[in-house]
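Asks: For the sequence shown, our numbering assigns the number 1 to the initial residue and increments by one for each residue that follows.
Just so you know, these hints were derived from the structure itself, not from any lab. You may find that some hints are simply not true.
With a Cα cut of at most 30 Å, we get these calculated BS3-like pairs of lysine-lysine [said to hold, decoys possible]:
(1) 14 <-> 43
(2) 21 <-> 43
(3) 43 <-> 20
(4) 39 <-> 21
(5) 24 <-> 14
(6) 43 <-> 24
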Amino acid sequence: MSDTIEQQLIADLKQSMIEKKEIKRETIRYLRSEIHYAKIAQKKSLNEGPCN
């Protein structure tokens with residue numbers, strides 16, 4: 001995820017908290033969480049390889 005998208009999600013999350021928009025806030029949190037887990041899974045698949 002590029003920094004600009006990540007920064008935009010954080011800004012949107014903060015704004016949704018200020019505006020007390022719970023559905024938007026939880027949706028953004030879920031999206032950020034899934035992106036985080038995808039990054040972790042990608043790193044694991046890159047590290048998995050034949051043992052020497």
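Asks: Taking the hints in turn, state whether each one holds.
Replies: Here is what the structure says about each hint:
Distance check on the hinted pair: residue 14 and residue 43 sit about 28 Å apart at the alpha-carbon level, within 30 Å; holds. Annotation: proposed proximity of residue 21 to residue 43 is violated, straight-line Cα distance about 34 Å (limit 30 Å). Of the supplied pair hints, the one linking residue 43 and residue 20 is violated, its CA atoms being roughly 35 Å apart against a limit of 30 Å. About 27 Å separates the Cα atoms of residue 39 and residue 21, which keeps this hinted pair within 30 Å; it holds.
Our distance criterion of 30 Å between C-alpha atoms is met by residue 24 and residue 14, whose separation comes to about 11 Å. For the suggested pair residue 43 and residue 24, the alpha carbons sit about 29 Å apart, so the restraint of at most 30 Å is met.
Hint compliance for this structure: hints 2, 3 are broken, all remaining hints hold.
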